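Peer 1: Sequence:
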Amino acid sequence: MSGERATDDAFERSTPVPGVALIRITAKPLGVLTVAARRRLAAAIGALADHPTVRCAVLTGEGPAFSAGSNIREFEVTAEWIESARAQEVALNECIANSPVPVVAACNGVTLGGGAVLALACDVRVASASATFGFPEVKLGAMAGATGTQRLAQLVGPGHALRLMLTGRTIDAAEALRIGLVEEVVDDEALLPRALQLAQEIGAVSPAAVRATKRCVRGGLAGGYAAGMRLEAEVTAPLGITADAIEGKAAFLEKRAPEF
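Just so you know, the working numbering puts 61 at position 61 of the sequence shown, and the rest follows in order with no gaps.
These are calculated hints, taken from the structure and not from any lab test. Misleading hints may appear alongside valid ones.
Said to hold, decoys possible - Have a look at the derived ranges for each label pair, beta carbon to beta carbon:
#1 T53 / A250: 31 to 37 Å
#2 A233 / R163: 33 to 39 Å
#3 E234 / E183: 23 to 29 Å
No experiment lies behind these values; they were computed from the predicted model shown. Ideal Cβ positions, reconstructed from N, Cα and C, are used throughout, including at glycine.
Turn these sequences into a full structure, and let the hints guide you.
Peer 2: Here you go:
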């Protein structure tokens, strides 16, 4: 996949540095996504696992926005359409969360509604200093669904989650960092370099260990402590006899960098 570039009318995919896929949301305006665009984005993210050279991915936006969520112009006031759109948005967010390839969200600006939930589905979030976050759905007679009510409460706690979702207020990057909505805040011009650097750090360690770790953490979040512990018991011994584990131990004893 090295050097490959693919363009869609809602996003583009490239490989700016070895081992890291960059997916940039380019939909206009403000990175709003249609149901069809979400379907294609899920397919693109799902396909990353088919490329063994891709160790990590960065998801970002373009210009003033990461993503402002759904394209409200395509909304239909029917239960059938609403459920179909919800299911596709859930599928995209679950695809990111369950991907064996870790995904770093580089939140470059407006990160609202479904766009904020999209960032929540990623494994790590880095924000630019000018980024803003919010879940304004209640102001439109809706809620931050498609996994948003669950992911936000897990990430920042129920109090902060309900404060944001029940008021629909927007917060800045500094407050997002304070409550744990994002893991890092950097200057605007440093956002993409930092996200790519972090992705390269992840890509430099054992892919097998990264996959096992993410699977256990995500499994525990979804199914609770006992489910997470069952996954640990299931994967620990098989991980310990992989080629990565053998190489890692040999490199440590030989005082050299491992080659994964």
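Peer 1: It remains to establish, for every hint, whether it holds in the given structure.
Peer 2: The hints, checked one at a time:
1. T53 / A250: 31 to 37 Å: violated, 23 Å
2. A233 / R163: 33 to 39 Å: At roughly 37 Å between Cβ atoms, R163 and A233 fall inside 33 to 39 Å, so the hint holds.
3. E234 / E183: 23 to 29 Å: holds, 28 Å
The structure is inconsistent with hint 1 alone, although it conforms to all the rest.
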